[in-house]
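All chains should be built: construct the whole structure from the sequences, respecting the hints.
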Amino acid sequence: NAGVTQTPKFRVLKTGQSMTLLCAQDMNHEYMYWYRQDPGMGLRLIHYSVGEGTTAKGEVPDGYNVSRLKKQNFLLGLESAAPSQTSVYFCASSYDPSSYNEQFFGPGTRLTVL
Amino acid sequence: AQSVSQHNHHVILSEAASLELGCNYSYGGTVNLFWYVQYPGQHLQLLLKYFSGDPLVKGIKGFEAEFIKSKFSFNLRKPSVQWSDTAEYFCAVNSMIKAAGNKLTFGGGTRVLVKP
Chain A
1 NAGVTQTPKF
11 RVLKTGQSMT
21 LLCAQDMNHE
31 YMYWYRQDPG
41 MGLRLIHYSV
51 GEGTTAKGEV
61 PDGYNVSRLK
71 KQNFLLGLES
81 AAPSQTSVYF
91 CASSYDPSSY
101 NEQFFGPGTR
111 LTVL
Chain B
1 AQSVSQHNHH
11 VILSEAASLE
21 LGCNYSYGGT
31 VNLFWYVQYP
41 GQHLQLLLKY
51 FSGDPLVKGI
61 KGFEAEFIKS
71 KFSFNLRKPS
81 VQWSDTAEYF
91 CAVNSMIKAA
101 GNKLTFGGGT
111 RVLVKP
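Chains as they are written, first to last, in the working numbering: chain A, 1 to 114; chain B, 1 to 116.
In case anyone wonders, no lab produced these hints; they're calculated from the structure.
C-beta: ideal position from N, C-alpha, C; glycine also.
There may be inaccurate statements among the hints.
As the list claims (entries may be wrong) - Between beta-carbon pairs, the in silico distance windows are: (1) B/G22 / A/P8: 35 to 43 Å; (2) B/E20 / A/K70: 40 to 48 Å; (3) B/W83 / A/T54: 41 to 49 Å; (4) A/S80 / B/H9: 28 to 36 Å; (5) B/P79 / A/T54: 38 to 46 Å; (6) B/W83 / A/M41: 38 to 46 Å; (7) A/P8 / B/E64: 33 to 41 Å; (8) B/Q82 / A/E102: 22 to 30 Å.
What the hints assert, rightly or not - Negatives, chain B to chain A, calculated, CB over 10 Å: (9) E15; (10) Y36; (11) L46; (12) I60; (13) G62; (14) A87.
And the structure:
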């Protein structure tokens, strides 16, 4: 099993450009998450999904959109990138039943917005 | 809303020293508690977790954590650190509300540097 994979690993954007980050998991997990990691702030939840075709807002959703068209994929989109979105983005997934909800993380995408 | 605070942002130790990282959370209901580790340039990995039962939890690489419900704390410990323990450590809490999507709330992280 590859676990949780993310593409791309690195990206540099100019302000106003758009891009999509792809997260894929091969563990048949129901729940998927997108976080951003900034120094001293830990990981903050952007959006999450509790199943195929569903999405919900997390702690810091502004400026991002997501889609979960297939159970194994969770896409994070930036429609008009801003320098404040420079960060490291992590995708995670977890299996439900709710009594066992460890999250498994991908390797991260380092995004710089100039 | 739940929150997690980690008391130390940076810790510098020598090899063989003991390590204790503090974590406090604010949430009145039943919680699951986690410690994740992020080695330089790598993704987060689970160190240990507490769901129920014995409040002293043992994890990988000699780490353990103690859940003290009355203090809303879940401190991480290791009796004798190694240079390879240099990493950033994150405490996280899950409120066990299925409808909330099993979301984790993370602390701000503690960077640990172990000097050889």
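List in ascending order the numbers of the hints, as given earlier, that are violated by the structure. Hints 6, 10 and 11 contradicted; others consistent.
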